[in-house]
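Chemist: First to last, the sequence lines map onto chains Y and L. Going by my numbering, 204 is the number at position 204 of the first sequence; the sequence numbering is gapless. Going by my numbering, 93 is the number at position 93 of the second sequence; the sequence numbering is gapless.
Read the hints as simulated data drawn from the structure, not as lab findings. We put the beta carbon where it would ideally sit given N, CA and C, even for glycine.
Going by beta-carbon spacing under 8 Å, a handful of chain L positions derived as facing chain Y:
1. L320
2. E372
3. L379
4. L380
The calculated lysine to aspartate or glutamate pairs, modelled on DMTMM-like cross-linking and capped at a C-alpha distance of 25 Å, are:
5. L:K368 <-> Y:D178
6. Y:K41 <-> L:D349
7. Y:K41 <-> L:D228
8. L:K170 <-> L:E263
9. L:K393 <-> Y:E40
10. L:K170 <-> L:E242
11. L:K368 <-> L:E336
12. Y:K41 <-> L:D357
13. Y:K41 <-> L:E293
14. Y:K41 <-> L:D386
15. Y:K41 <-> L:E389
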Amino acid sequence: MLNISKIIIWDLWKNKAVIAYGILMLTIGWGVFAIEDQPEKAVLSLLRIILFVQPLVTLLFAGMYYYNSQEFILLLAAQPVRRNTLFFGVFAGLTAVFTLIFLLSIGLPVLLFSPNVEGLSLLFAGALLIFIFTALALLVSVYFADKARGLGFALLLWAFFAFVYDGLLLLFMYQLADYPIERPVLGLLFFNPVDVARIFVISKTEASALLGLSGAVFQDFFGAMKGTVISGCVLATWALVPLSLAYRKFNRKDL
Amino acid sequence: MKSIIIILLTGLACGLPCQLLSATWYVGPGAEFSALAPAIAAAAAHDHIIVLAGHYRERELLIDKPLRLTAEPGVIIDAENRAEDIFLVTADSVEISGFTLQNVGVSYRYECSAIRLREVNNAKILDNRIINCYFGIYLETAGRTDVINNYIQNKFVREVNAGNAIHAWKSEALRIHDNVVTGHRDGIYFEFVDDSTIECNDSYGNIRYGLHFMFSNRDAYRGNIFRDNAAGVAVMFSHDIEMIENEFLHNWGGASYGLLLKEISDGRISHNRFFRNTIGILAEGANRLVISENQFTRNGTAIDIKGNCLDNQVLANNFLANTFEVVTNSKHNNNEFAANYWSGYLGYDLDRNGIGDVPYRPVDLFAKITHEIPAATMLLHSNIIDLLEIGEKNFPRLIPLDLIDSMPRIRPYAYD
Chain Y
1 MLNISKIIIW
11 DLWKNKAVIA
21 YGILMLTIGW
31 GVFAIEDQPE
41 KAVLSLLRII
51 LFVQPLVTLL
61 FAGMYYYNSQ
71 EFILLLAAQP
81 VRRNTLFFGV
91 FAGLTAVFTL
101 IFLLSIGLPV
111 LLFSPNVEGL
121 SLLFAGALLI
131 FIFTALALLV
141 SVYFADKARG
151 LGFALLLWAF
161 FAFVYDGLLL
171 LFMYQLADYP
181 IERPVLGLLF
191 FNPVDVARIF
201 VISKTEASAL
211 LGLSGAVFQD
221 FFGAMKGTVI
231 SGCVLATWAL
241 VPLSLAYRKF
251 NRKDL
Chain L
1 MKSIIIILLT
11 GLACGLPCQL
21 LSATWYVGPG
31 AEFSALAPAI
41 AAAAAHDHII
51 VLAGHYRERE
61 LLIDKPLRLT
71 AEPGVIIDAE
81 NRAEDIFLVT
91 ADSVEISGFT
101 LQNVGVSYRY
111 ECSAIRLREV
121 NNAKILDNRI
131 INCYFGIYLE
141 TAGRTDVINN
151 YIQNKFVREV
161 NAGNAIHAWK
171 SEALRIHDNV
181 VTGHRDGIYF
191 EFVDDSTIEC
201 NDSYGNIRYG
211 LHFMFSNRDA
221 YRGNIFRDNA
231 AGVAVMFSHD
241 IEMIENEFLH
251 NWGGASYGLL
261 LKEISDGRIS
271 HNRFFRNTIG
281 ILAEGANRLV
291 ISENQFTRNG
301 TAIDIKGNCL
311 DNQVLANNFL
321 ANTFEVVTNS
331 KHNNNEFAAN
341 YWSGYLGYDL
351 DRNGIGDVPY
361 RPVDLFAKIT
371 HEIPAATMLL
381 HSNIIDLLEI
391 GEKNFPRLIP
401 LDLIDSMPRI
411 RPYAYD
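Just chain L, same shape as in the assembly:
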C-alpha cells in the first residue's frame, strides 16, 4: 500500500509543470536585485523575474536559459542611444512582457535591436513598448514564437539609416498579432519565414513598406491595417500566401501602391479593402492568384496587372469610383475577370438576374494613352477623351480585346 502511494506521488511530481517549482526574483529599487543583469545571471532555468517600476540603464542583457521576464507598469529600460541590443535571447521558451524599451542607437555594422531572438523556439514577446530603437524586435532563426500586442514606434526620416519594427529572418511558425508599428523603415519585414500568421496589426507611417515579404511561403496575413506608408505593402518571391480582410489605406505617392505583388504564385487575396491608394494592386509576375471579394474604392488605378501575370482570377470584387479600373501593358490577357462590379459599367440587365447582359472592358483607352504619353494625364475627364472612349468602347481597336468581364454585376457585391 505504502509503495503504491509513493509510486503515485512520484508519478504526480514528474508530471508537475516545472513552473510550479520555479523561483520568483524581484528586480527594482529596494528589491533583492537593483539591476536586471545580475538577476538574470542568478536565476535558474524556468525562473520568473519580476521587474518593479523604475528607469534602468542597461543593455546587452543575454538570456541564455528559459526565463520569464515580466515588467510591472512603469519599467523603462534605456540603452542611451548606444548601438547594442537590449535583450539578446538565445534560449528556448523565454517570455518577455510589459517592458518599455527605448533608445537603441543606429549602427551601420550591426542591426542592433530592442529584443533580439537568436535560434530559439517557443518565445513569447508580449505587451512591450519599444520607442526610438533602431530595430524593434529582431527574430533570427526563430520557431513557434509569438509577438503579440507590442507597440513599436520611431521617427525615422531617411531610409538608409532606418531599421525595421519587426524583422524576421529564416524563421517559421511565428504569430505576429495585434502589434502597432510606425515610423520605421518597414513595419513588418519577413525574409525566409514560413508557415506564419500576421494578424490584426496596425502598420502606419513607415518610410518604406508597411509589410515587406520576401521568399516566405505558406504565410497568412489577416485583419491588418496598412495606412499612410510611403510605398504600401510588398509581397515578393513567395508562394501560397493568404491575404484576407486587410485594409490598405492612403498609400500615396509617385512610387506608391496598396499592394505590390512580384513573382508570387498560388495565393489568395480576399475581402480586403483598398481605399485611396495611388495603385491598389500592382502585379508583376504574379501567377495563379485568386483575387476575390475585395473593395477597391477611389484609387488612382485599382489594379495594374502586367503582361507577365498568368492564370489569376479576379472575381466578385467591387470597383468603386477608381480613376482607372484595370491597367495593363499587354495587348493580351491571360487572366480571368468575372462577376465583378465595375462602377464604370453602363450596361443593362434585361432578364434581371443581377448580371449585366453586355460584357465590360475595364481597361480604358485613356489608360492606354497615358501609358504611352504620361503627360496626357492632364486631359483626364476632358470631353475629347470621353468622346474617344465612347468610340473605343463600341468598336475596340486599341485596348486589349480579350481583357473582358463577361458577366459584370449590376449591383456591388454585398458583404455580410
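Here chain Y stands alone, though its shape is the one from the complex:
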C-alpha cells in the first residue's frame, strides 16, 4: 500500500494542476494573514476557503485523477496486488498530497499567526473535510464508469453540500419558524459534512453570536466537550462511510 501511495504521491507532485492549486492555496493562506491585521478575521476568511474552494478542488481533482489513472490501476490489478492495498493506496496517496498542501498553505500560517483553539479547530475541520471529499470522489468515480457523468455528479454533490443543502434548510426553517425547530435543525446539520465542519469552527470562534434564545440549545451542545467529540465523530463517519462503500464497490467491480 505504501509503495502504491508513494508512486501516486510522486506522480501527483509533478502534476501541473496540483502545482497550480498548491500555489493558489499558498497565496491565499499566507496572503490573508499578510493583508488582515486581525488574526480572527483571517481565520474566518480561511474558513470560507476551506468550506467552499477546498471541497470543490478535492472532489473534482480526486475524481479526475482516478479516471485518468484507470489504466494504471488496471495494470496494477493485474499484478499480484490485493485490491484493498490498491484502493487504500490510491486513497492514501491522494489525501496525503491534499493534506500536505493544506498544512503548508493554511496550517503553517495559522499555527504561526493564530495558534489558539480557533486556529486548531480550523485545521482539524479542514483536514477532515479533505478526507471526506476524497472518499466521496472515489465513491462517485467507482460507481460511474463514464468520466463525464462521474465528474458531473461530483460537481452536483459539491453544489449540494456547499450551498443547496443550506438553502433548503433555510427554506425549511422559514416554513416552520413558529415551531421550536432548534433541535431538528441541529440534527439536520449532521447530514452535511460542510455544515458540521463550519459549526465546529464557529462554536470556537464566534460563540457570542450564537447565544440568544435558540443559540442556547445549540451552545449547550457544541460549546461543551461533548459537542466537540460528537462533531468530530460525525465528520469521521462522513469520511469512513463513503470510503467503505467505495471500497466494497471497488472490490467487486469488474475493472
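The hints should help you fit chain L onto chain Y, whose structure is shown.
Modeler: Here is chain L on its own, set in the frame of chain Y:
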C-alpha cells in the same frame, strides 16, 4: 499696641482649622479604649480616633458627630454574620479609612451594610476592605461624598439574596473612584444620584450588572473596567450621562450585553472599548446620544439599536471583527452613522482621501433573518448566506435602506 496683638491673635485663633485643636484617641489592645463604641461615645466632634491592629467583634457603631476614624493595618471589624450595619454615619464630615470590615449578614427586611451613610455631607470613605458583607457601602441621601480606593468583595450566587457593593440612593456630587467591586449583585448601583463621577473602578464578576444606573442625571463615568459581569452595565431613565474611556469586556451570556441604554438621552459615549460581549451596546429608547470613537472588537453584535432610538450620532467608531455590526428591528433609520470604520467594508477609495467611495450598509441580511428565525443562527458563515448577502448588498430590498454610513473609513480610526 498690646490690644492690637490681642486682636491679631484672636483673629488667627478663629481662623485655625478645628482639627488642630482636636484630640486623638487610640483604640486597641493596651490603648485607652479596647473597643470602638466607647471611644466613639467619648470623642468630641472633629476628634481623631486611631484603631490599632486587632480583631474587633462590633457592629451598630453609630457615628453622629464629625469624626475621623483611621485604622492601622490589620484592623478587622467583624459583624459575625448578624444582619446589622457595622458603621452607621449620620453626621457630616466623617472620614473612615483603612478598615477591614467583614461578615455582615443577609436580611430580607433591612439592607444592612458595612458602612451606611444617612443624610450626610462631605464624608470620606477611603482604603477600606469590605469582605463578605450583604451591602458594602450604602449611601442614603449623601452629598459631596468621596468613596475612594475601597475593595469590596463577596461570593454571592443567587440574585435574590445578594446586595450591591456600592449602593447610592438620592445623593449628589459623589466621587466613586478607584474601587474594586466583585461578587455582588450590582457592582455600583445609582438611583436618583446627580452630578457625580465614577472613575477608574474595576467591577467584575458581579451576578447582575457591573454598574447600574437609574434616574440619575448629569453623571460621568470614566476609565472604569467592567468585565465578566452576568449582564454588563445598564444605564436607564437618565439624561446627560458621560461615558468615557471605559472598558466593557467579556459580558457573556444569553441575556448579556456590554452596555444597556434604556430611555436615556443627551449623553456622550466616547473612547470606550467593547471586547467580546454578546451585545456591545443595546439601545432602547435612547435619544440624542453621541457615540463616537469607540472600539467594538469581536462582539456577537456590536450595536443593537431599536427602532425607538432617535437622533443618535454614531461617529468615528471602529468595528472590528464583530459577527453582526449593527442590528435593528426597524425598517427605518432615525440615527446618523458616519465616518466609522467597518471591518466588513469592501469598498474602494479612488481619490485616496481615507473615505470609502461606496456607502456602507452595516445591517446585514443575515441579522434580519436571524431576527425572524432565531434558529437560523446555525447557518452563520454558510456559503448560501454569503451568496444571499452579496445579492442583498448590491440590490437592497430587505435591509433598512436608509441605515447607511455614507462616508466609511478605509482605515481604522487611530487613537492617540
